[in-house]
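**Q** The whole structure should be built from the sequences, with the hints applied where relevant.
So the number in the working numbering is just where the residue sits in the sequence shown, counting from 1, plus 21.
Just so you know, the hints here were simulated from the structure itself, not pulled from any lab data.
Predicted model, so just to flag it, every value in this text is computed and none were measured.
FRET-style restraints, in silico, Cβ to Cβ: (1) 201 <-> 79: 40 to 50 angstroms; (2) 39 <-> 179: 35 to 45 angstroms; (3) 73 <-> 202: 46 to 56 angstroms.
Backbone N, C-alpha and C define an ideal beta-carbon position, used for all residues, glycine too.
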Amino acid sequence: MEDRPAILVPIRVLERESVPEGVPDLLANAHVVLLGYHIIPEQTAPGQAQMQFEERATNRLDEYEAIFEAAGATVERRLVFTHDGQKTIDRTIYEHDCLAVLVPNATGVVEDVLVAVRGTVGVDRLARVVAGMFGAMDVSITLYHVAESEETDEDIATLLDGMVERLGELGMDASMIETRVERNQDPLDAIVDAAEAFDAVVMGETDPSLTTFVFGMPADQVADRFLGSVLVVQRERPEREGGK
Numbered sequence: 022m023e024d025r026p027a028i029l030v031p032i033r034v035l036e037r038e039s040v041p042e043g044v045p046d047l048l049a050n051a052h053v054v055l056l057g058y059h060i061i062p063e064q065t066a067p068g069q070a071q072m073q074f075e076e077r078a079t080n081r082l083d084e085y086e087a088i089f090e091a092a093g094a095t096v097e098r099r100l101v102f103t104h105d106g107q108k109t110i111d112r113t114i115y116e117h118d119c120l121a122v123l124v125p126n127a128t129g130v131v132e133d134v135l136v137a138v139r140g141t142v143g144v145d146r147l148a149r150v151v152a153g154m155f156g157a158m159d160v161s162i163t164l165y166h167v168a169e170s171e172e173t174d175e176d177i178a179t180l181l182d183g184m185v186e187r188l189g190e191l192g193m194d195a196s197m198i199e200t201r202v203e204r205n206q207d208p209l210d211a212i213v214d215a216a217e218a219f220d221a222v223v224m225g226e227t228d229p230s231l232t233t234f235v236f237g238m239p240a241d242q243v244a245d246r247f248l249g250s251v252l253v254v255q256r257e258r259p260e261r262e263g264g265k
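**A** Encoded structure:
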């Protein structure tokens, strides 16, 4: 099995955001990059906010780090006072080479995982997350593909067989993996509907409609549609934009 995949867990550390039930066990085999961040007003200097809030925020991060480590994860952490939460998340992804970002909804025991496979781009990174996170667990993996109108059966078979093969190379047992294909459906609606029967969802950032949906909505609205946790696998960036 490969090294633990680096998974970013962003938490608004001073706004009573907590680690939802089941999430530490979900990430037991991950390397958790724990980002505690606090959004400050434009007129407030980060250094000023740090002096005011650092001790309280650090205590919270201590608690969260202990929870993840007790479940089995390795943890590194950052505390950031920022004017722009999304930019801070993006920069942390680059700086820590995170394979995926977690949208943390509460989950029970993870037994069934839905993996939305949307294209050949990023299949290797998708496979590394799935194998690294779930390869050592007793779970069922469903590779789920919503076909485009122009896709042939051969195209779909090539995509899904390639994913199964890559998971096998990463040490996963083929008996854990099923495939499912839908046609003539809106990809977002289809994935959300299918996800109701699963404990967690893994999907690629390369689908802009899904990523916008997940990160462009308040967490409670995401939770209304995705009942379990969502792992958004990041596309590979050949260079860090602007060197940041």
